[in-house]
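Starting from the given sequences, assemble the full structure and let the hints guide the process.
If you read the sequences in order, they're chains Y and C.
Residue 70 in the UniProt record's numbering sits at position 70 of the first sequence, with consecutive numbering throughout.
Residue 251 in the UniProt record's numbering sits at position 251 of the second sequence, with consecutive numbering throughout.
One should not assume that every hint holds.
Which copy is meant is left open, because identical chains are indistinguishable; a pair holds if it fits in one copy or across any two.
Unchecked claim - No farther apart than 25 Å at their CA atoms in a straight line, the calculated lysine-lysine pairs in the DSS-like style are these:
| no. | residue 1 | residue 2 |
| --- | --- | --- |
| 1 | K119 | K141 |
| 2 | K307 | K108 |
| 3 | K34 | K119 |
| 4 | K236 | K174 |
| 5 | K119 | K59 |
| 6 | K241 | K35 |
| 7 | K34 | K179 |
| 8 | K241 | K174 |
| 9 | K241 | K34 |
| 10 | K35 | K311 |
| 11 | K43 | K241 |
| 12 | K103 | K119 |
| 13 | K307 | K119 |
| 14 | K307 | K179 |
| 15 | K241 | K103 |
| 16 | K179 | K84 |
| 17 | K108 | K34 |
| 18 | K43 | K58 |
| 19 | K35 | K108 |
| 20 | K84 | K174 |
| 21 | K43 | K141 |
| 22 | K119 | K43 |
| 23 | K174 | K35 |
| 24 | K43 | K108 |
| 25 | K119 | K58 |
| 26 | K35 | K119 |
| 27 | K58 | K179 |
Honestly, the hints are just simulated from the structure, not real lab data.
Number of protein chains: 2
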Amino acid sequence: MAATIRDVAREAGVAVCTVSFAMNGSAHVAEATKKRIFEAIEKLNYRPNQSARGLVTKKTNNIGLVVEDTVDGLENSILLDVIKGLGQATGDNNYDLLLSFQKPSTSKLADHLLDVYRKQSADGLILMGAAINQPFDELIKNRFPFVLLGRPAIPGLCHSVNADNEQGAYEAVKYLVGKGHRRIALITPCTLEVDASLDRYNGYRLAMEEFVGRFDEQLVAIGSFEQDSGYAETEKLLSLKDRPTAIIAGRDVIASRVVERAQELGYAVPDDVAVIGFDNTVVSQLARPSITSIELPMRQMGLEAAKLLMKLIDGEIGFDDIQTIVLPCTVCEREST
Amino acid sequence: MAATIRDVAREAGVAVCTVSFAMNGSAHVAEATKKRIFEAIEKLNYRPNQSARGLVTKKTNNIGLVVEDTVDGLENSILLDVIKGLGQATGDNNYDLLLSFQKPSTSKLADHLLDVYRKQSADGLILMGAAINQPFDELIKNRFPFVLLGRPAIPGLCHSVNADNEQGAYEAVKYLVGKGHRRIALITPCTLEVDASLDRYNGYRLAMEEFVGRFDEQLVAIGSFEQDSGYAETEKLLSLKDRPTAIIAGRDVIASRVVERAQELGYAVPDDVAVIGFDNTVVSQLARPSITSIELPMRQMGLEAAKLLMKLIDGEIGFDDIQTIVLPCTVCEREST
DNA sequence: TTGCTTTCCGCCCACGATTGCAATACCATT
DNA sequence: AATGGTATTGCAATCGTGGGCGGAAAGCAA
Numbered sequence: 001m002a003a004t005i006r007d008v009a010r011e012a013g014v015a016v017c018t019v020s021f022a023m024n025g026s027a028h029v030a031e032a033t034k035k036r037i038f039e040a041i042e043k044l045n046y047r048p049n050q051s052a053r054g055l056v057t058k059k060t061n062n063i064g065l066v067v068e069d070t071v072d073g074l075e076n077s078i079l080l081d082v083i084k085g086l087g088q089a090t091g092d093n094n095y096d097l098l099l100s101f102q103k104p105s106t107s108k109l110a111d112h113l114l115d116v117y118r119k120q121s122a123d124g125l126i127l128m129g130a131a132i133n134q135p136f137d138e139l140i141k142n143r144f145p146f147v148l149l150g151r152p153a154i155p156g157l158c159h160s161v162n163a164d165n166e167q168g169a170y171e172a173v174k175y176l177v178g179k180g181h182r183r184i185a186l187i188t189p190c191t192l193e194v195d196a197s198l199d200r201y202n203g204y205r206l207a208m209e210e211f212v213g214r215f216d217e218q219l220v221a222i223g224s225f226e227q228d229s230g231y232a233e234t235e236k237l238l239s240l241k242d243r244p245t246a247i248i249a250g251r252d253v254i255a256s257r258v259v260e261r262a263q264e265l266g267y268a269v270p271d272d273v274a275v276i277g278f279d280n281t282v283v284s285q286l287a288r289p290s291i292t293s294i295e296l297p298m299r300q301m302g303l304e305a306a307k308l309l310m311k312l313i314d315g316e317i318g319f320d321d322i323q324t325i326v327l328p329c330t331v332c333e334r335e336s337t
Numbered sequence: 001m002a003a004t005i006r007d008v009a010r011e012a013g014v015a016v017c018t019v020s021f022a023m024n025g026s027a028h029v030a031e032a033t034k035k036r037i038f039e040a041i042e043k044l045n046y047r048p049n050q051s052a053r054g055l056v057t058k059k060t061n062n063i064g065l066v067v068e069d070t071v072d073g074l075e076n077s078i079l080l081d082v083i084k085g086l087g088q089a090t091g092d093n094n095y096d097l098l099l100s101f102q103k104p105s106t107s108k109l110a111d112h113l114l115d116v117y118r119k120q121s122a123d124g125l126i127l128m129g130a131a132i133n134q135p136f137d138e139l140i141k142n143r144f145p146f147v148l149l150g151r152p153a154i155p156g157l158c159h160s161v162n163a164d165n166e167q168g169a170y171e172a173v174k175y176l177v178g179k180g181h182r183r184i185a186l187i188t189p190c191t192l193e194v195d196a197s198l199d200r201y202n203g204y205r206l207a208m209e210e211f212v213g214r215f216d217e218q219l220v221a222i223g224s225f226e227q228d229s230g231y232a233e234t235e236k237l238l239s240l241k242d243r244p245t246a247i248i249a250g251r252d253v254i255a256s257r258v259v260e261r262a263q264e265l266g267y268a269v270p271d272d273v274a275v276i277g278f279d280n281t282v283v284s285q286l287a288r289p290s291i292t293s294i295e296l297p298m299r300q301m302g303l304e305a306a307k308l309l310m311k312l313i314d315g316e317i318g319f320d321d322i323q324t325i326v327l328p329c330t331v332c333e334r335e336s337t
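Shown next, in the form of structure tokens:
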């Protein structure tokens, strides 16, 4: 049904290889002939068959994207930004994105991931989600390009792109100190086993030591993925003898709970307590008062990851020259501080 | 580098075609031989090369997903749910998802869409986004399977899957009437040129006529995509002589504005005014009071769309037997009503 | 005329898998 | 021993593109 290169050659009155040369530019083709060929291509709506092309060039022009399908509905809007960034970079470079969401039932996830490589349906992989770990050996051993995105890197082993969570928390503290706060509390996004959580904790700790001169364990509460995480913690923090005048929440949802509880307890936000969230989602925009939030450069992360992967595929970056890209977060100021 | 079918044949001590038969089940292969073959496959981590396979079978086992990359950040979490639904259905059926976001600069969008078809890099297409219109002719003429998802259908021409926005608004009214309300206002999600907006408007109108006996133009305000859409409208609606006791907002974001403004004006929610949102996003969960919202079955829409498309690809549904799937919305009850 | 370059063609192989065909090997039943 | 059925094989063609090679044709300059 669809036109083949032969049809184009016939239409343009040239040989098949001349068409191929004209398109791929690996030999001299006279301008006039080129023009005839491209007119024929246009007329027949010809595009080289991907399968055939892939078979001989050993390139699919696909980038595989494997995402661990976790349940936390909130990260969704963030995730989509990453995907859009990826889509932009790949689209601009004539790549397509081969997407698969997989539940974090580790075996299926790993299988699917390896299948993309084994079936050779993509030239490289981008991996998102913490549960993916086991199957890296085969990829590395066979020098198949892949990039970890927005998840804990494995230093010296895998290329990765991530947001600088540590710096983000650090900036949050610095910003609050600039506003005159010295008793600044932290509610972590979740338990410290999760890397992003630990990073934010560390950034907070570092900044407190640097700007306030002292890190007080009492001012740290551990958040969770529970619906109302932040609610009880707020009360606990505000009832300390020397209560904090500012609270950094590890996620926007938590921050909205913090604001809510603080107000219930009679504290005005931001006058009595300032609040900062994390991730700069709709939640922080819509809360009243709107909540200052640390913005993660999700779209840019996707963009950089795709660019990096494409360089790896093209061999512009050597396999053993492990790249670790960490992108800075920015403070997005709103009413809550 | 990667193993080929020849390697497997050699390893198992059989002929190439026996391996192929064993895998694709198109001839008799003895159990014992089958076992040897699958052991060899396992040992070599063999998977048939997609390009080679696609070339001869004329199937890629990919489904193309073309999404119009609009800017409205809020629809994101919803969009991702659709994608997850798609991913689930395709993954379960051994398909992959070929994703491309494109800005609604119509020409690029259309080009990319047609390229997927012309390059034959997918067996079918799923299209999301209102700006995609022009290039259907080529697809239809060549009987290439595609499904419109979550956007205005073209009756009798294209297969489509959508949420029943009309029924959703209808249910909202019905629910409020059940709670004793009779003066029920509507703020549309945006202008009525947008189909979903019009559908919700019609559903509201229908239900008002049916359950209240009278449709009052005064009770309808036109919303927009502005940040604070809903704010001014609320004031207008509440200052009517015979003010509404309930407001249906066309989107959750708008609903949150409605609640906010109503409270500022001294009306208690839900006691003085009940509020219902649309889309059941995080916003409605996090608002205080939490907002009752009409939930669109996004994930299921993705699932159904993928299933439909796969049936079309397999020829289980004829080309001219146009399917229009409309999935019902449900009321998700919260504090605001 | 000769020599040289540019442009083009035809031919052929390769890529990896599927599949039809004809042939053979094996086994069990009669 | 003959028959029939099942299991397996080799061979070859096919899919659409890419690309190497040698050669032919055409144009141009000396």
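At 25 Å max between alpha carbons, let me know whether K35 reaches K108 within a copy, between copies, both or neither.
Close across copies (23 Å), not inside one copy (50 Å); limit 25 Å.
With 25 Å as the alpha-carbon cut-off, assign the pair K236 and K174 to within, between, both or neither.
Answer is within: at 24 Å inside a copy they meet the 25 Å cutoff, but 44 Å across does not.
Could you place K179 and K84 in one of the four classes (within, between, both, neither) given a Cα distance threshold of 25 Å?
neither (35 Å within a copy, 42 Å between copies)
If the cut is 25 Å between Cα atoms, do K35 and K311 qualify within a copy, between copies, both or neither?
Neither, since 32 Å and 42 Å both go past 25 Å.
Same-copy or cross-copy closeness of K34 to K179 [CA-CA at most 25 Å]:
Neither: 66 Å inside a chain and 72 Å across chains, both beyond 25 Å.
Evaluate K119 and K141 at a C-alpha cut-off of 25 Å and name the case that applies: within, between, both or neither.
within (17 Å within a copy, 32 Å between copies)
Homomeric proximity label, K43 with K108: Cα distance no greater than 25 Å:
Between copies, since 19 Å is at most 25 Å while 45 Å is not.
Quick one: K241 to K103, C-alpha cut-off 25 Å, is that within a copy, between copies, both, or neither?
Neither: 45 Å inside a chain and 54 Å across chains, both beyond 25 Å.
Can you tell me if K84 and K174 fall within 25 Å by alpha carbon in one copy, between copies, both or neither?
Neither. Shortest intra-copy (31 Å) and inter-copy (39 Å) distances fail the 25 Å Cα cut-off.
Between copies, within a copy, both or neither: which fits K241 and K174 at Cα up to 25 Å?
within (24 Å within a copy, 52 Å between copies)
Given identical chains, is K307 near K179, meaning Cα to Cα at most 25 Å, within a copy, between copies, both, or neither?
neither (38 Å within a copy, 55 Å between copies)
Status of K108 relative to K307 across identical chains (alpha carbons, at most 25 Å):
between (28 Å within a copy, 21 Å between copies)
Hint compliance for this structure: hints 6, 7, 9, 10, 11, 14, 15, 16, 20, 23, 27 are not met, and every other hint is.
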